[in-house]
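Colleague: Sequence:
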Amino acid sequence: MNLLAQESKFTVDLANPANLGNYSNLVNLGPAQYLKTGVNLLFSIAGVASFIFLLIGGLQWITAGGDKEATEKARKRITSALVGLAIVLSAYALLSIISTLFGVTLLELTIPAIGK
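The numbering of the sequence shown is the working numbering, which starts it at 1 and goes up by one.
Check the hints yourself; a few may be wrong.
[Claimed, not checked] Once the Cα atoms are required to be at most 20 Å apart in a straight line, the calculated SDA-like pairs of lysine to any residue come out as:
1) Lys-36 with Leu-54
2) Lys-68 with Thr-79
3) Lys-76 with Leu-95
4) Lys-76 with Thr-63
5) Lys-73 with Gly-58
6) Lys-76 with Leu-94
7) Lys-73 with Ala-91
8) Lys-36 with Ile-97
9) Lys-36 with Thr-79
10) Lys-36 with Ala-91
11) Lys-68 with Gly-58
12) Lys-76 with Gly-66
13) Lys-36 with Val-104
14) Lys-68 with Leu-54
15) Lys-76 with Gly-47
16) Lys-73 with Leu-55
17) Lys-36 with Ile-78
18) Lys-36 with Lys-73
19) Lys-36 with Phe-102
20) Lys-73 with Ile-97
21) Lys-76 with Phe-102
22) Lys-76 with Val-104
23) Lys-73 with Leu-85
24) Lys-68 with Ser-50
25) Lys-73 with Leu-54
26) Lys-36 with Gly-47
27) Lys-76 with Ala-64
28) Lys-73 with Gly-57
29) Lys-76 with Gly-65
30) Lys-76 with Gln-60
31) Lys-76 with Ser-50
32) Lys-76 with Ala-46
33) Lys-76 with Tyr-92
34) Lys-68 with Ile-78
35) Lys-68 with Gly-84
36) Lys-76 with Ile-52
37) Lys-73 with Ile-62
Keep in mind the hints are simulated off the structure, nothing from the lab.
Please build the complete structure, drawing on both the sequences and the hints.
Modeller: In structure tokens:
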């Protein structure tokens, strides 16, 4: 009656495909990597903020209840959110196009070491 507690002959080798938990190369991070991460983080924050303002504007529009002033305020918020999102996406696309055309890695910054 020990059916549930029997030893299993089935083994699973769980590899870490994302190589998470390997922090050995954190020591090799330089200012360029920090700058690249900061720029990517700012793009991400700007995109998420635009999306949140878009949702808030939509909710304001829904809850305006036909009030002209509230509807106009919601419309302005939605327009501003879409303009902000367009600016962020345009800036990223421009960096990507310049990087491709001129062979410059603007999105992957490398800062040369001084004295080498």
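Colleague: All the hints need checking, so say for each whether the structure fits it.
Modeller: Evaluation of the provided hints:
Among the hinted pairs, Lys-36 with Leu-54 is inconsistent with the structure: their alpha-carbon atoms are about 27 Å apart, more than 20 Å. For the hint linking Lys-68 to Thr-79, the alpha-carbon distance of about 16 Å falls within 20 Å, and the restraint holds. Taken as a hint, the Lys-76 and Leu-95 pair is broken in the structure, with Cα atoms around 28 Å apart against an allowance of 20 Å. Annotation: proposed proximity of Lys-76 to Thr-63 holds, straight-line Cα distance about 15 Å (limit 20 Å).
In summary, the hint linking Lys-73 to Gly-58 is supported, as the alpha carbons are separated by about 11 Å, within the 20 Å threshold. For the hint pairing Lys-76 with Leu-94, the CA-to-CA distance comes to about 26 Å; that exceeds 20 Å, so the pair is violated. In summary, the hint linking Lys-73 to Ala-91 is not supported, as the alpha carbons are separated by about 27 Å, beyond the 20 Å threshold. Between Lys-36 and Ile-97 the CA atoms are separated by roughly 17 Å; this keeps the pair inside 20 Å, and the hint holds.
Of the supplied pair hints, the one linking Lys-36 and Thr-79 is violated, its CA atoms being roughly 30 Å apart against a limit of 20 Å. For the proposed pair Lys-36 and Ala-91, the alpha carbon gap of about 15 Å is at most 20 Å, so the pair holds. Only pairs whose Cα atoms come within 20 Å are accepted, and Lys-68 paired with Gly-58 is accepted, the gap being roughly 15 Å. Annotation: proposed proximity of Lys-76 to Gly-66 holds, straight-line Cα distance about 16 Å (limit 20 Å).
The suggested pairing of Lys-36 with Val-104 holds, with an alpha-carbon distance near 14 Å, which does not exceed 20 Å. Our distance criterion of 20 Å between C-alpha atoms is met by Lys-68 and Leu-54, whose separation comes to about 19 Å. About 18 Å separates the Cα atoms of Lys-76 and Gly-47, which keeps this hinted pair within 20 Å; it holds. Between Lys-73 and Leu-55 the alpha-carbon distance is near 14 Å, which keeps this suggested pair within the 20 Å criterion.
As the CA atoms of Lys-36 and Ile-78 are separated by approximately 30 Å, the hinted pair breaks the 20 Å bound. Restraint check for Lys-36 and Lys-73: the C-alpha separation of about 36 Å exceeds 20 Å, so the hint is violated. Restraint check: the Cα-Cα separation between Lys-36 and Phe-102 comes to about 19 Å, which is no more than 20 Å; the hinted pair holds. Distance hint between Lys-73 and Ile-97 is unfulfilled; the C-alpha atoms sit about 36 Å from each other, more than 20 Å.
The suggested pairing of Lys-76 with Phe-102 is violated, with an alpha-carbon distance near 38 Å, which exceeds 20 Å. Restraint check: the Cα-Cα separation between Lys-76 and Val-104 comes to about 38 Å, which exceeds 20 Å; the hinted pair is violated. A distance of roughly 18 Å separates the Cα atoms of Lys-73 and Leu-85; the hinted pair therefore holds under the 20 Å criterion. Restraint check: the Cα-Cα separation between Lys-68 and Ser-50 comes to about 24 Å, which exceeds 20 Å; the hinted pair is violated.
A threshold of 20 Å between alpha carbons decides the hint, and for Lys-73 with Leu-54 the separation of about 12 Å falls inside it, so the pair holds. For the given pair, Lys-36 sits about 17 Å from Gly-47 by alpha-carbon distance, which is consistent with the 20 Å threshold. Our distance criterion of 20 Å between C-alpha atoms is met by Lys-76 and Ala-64, whose separation comes to about 13 Å. For the suggested pair Lys-73 and Gly-57, the alpha carbons sit about 8 Å apart, so the restraint of at most 20 Å is met.
At roughly 16 Å between alpha-carbon atoms, Lys-76 and Gly-65 fall within 20 Å of each other, so this suggested pair holds. Annotation: proposed proximity of Lys-76 to Gln-60 holds, straight-line Cα distance about 11 Å (limit 20 Å). As the CA atoms of Lys-76 and Ser-50 are separated by approximately 13 Å, the hinted pair is consistent with the 20 Å bound. Restraint check: the Cα-Cα separation between Lys-76 and Ala-46 comes to about 18 Å, which is no more than 20 Å; the hinted pair holds.
The hinted pair formed by Lys-76 and Tyr-92 fails the criterion: a straight-line CA distance of about 24 Å is larger than 20 Å. Between Lys-68 and Ile-78, the direct Cα distance comes to roughly 15 Å. Compliance with the 20 Å bound is thereby established for this hinted pair. For the given pair, Lys-68 sits about 24 Å from Gly-84 by alpha-carbon distance, which is inconsistent with the 20 Å threshold. In summary, the hint linking Lys-76 to Ile-52 is supported, as the alpha carbons are separated by about 14 Å, within the 20 Å threshold.
Restraint check for Lys-73 and Ile-62: satisfied, since their Cα atoms lie roughly 12 Å apart, inside the 20 Å limit.
When each numbered hint is compared with the structure, violations occur for hints 1, 3, 6, 7, 9, 17, 18, 20, 21, 22, 24, 33 and 35.
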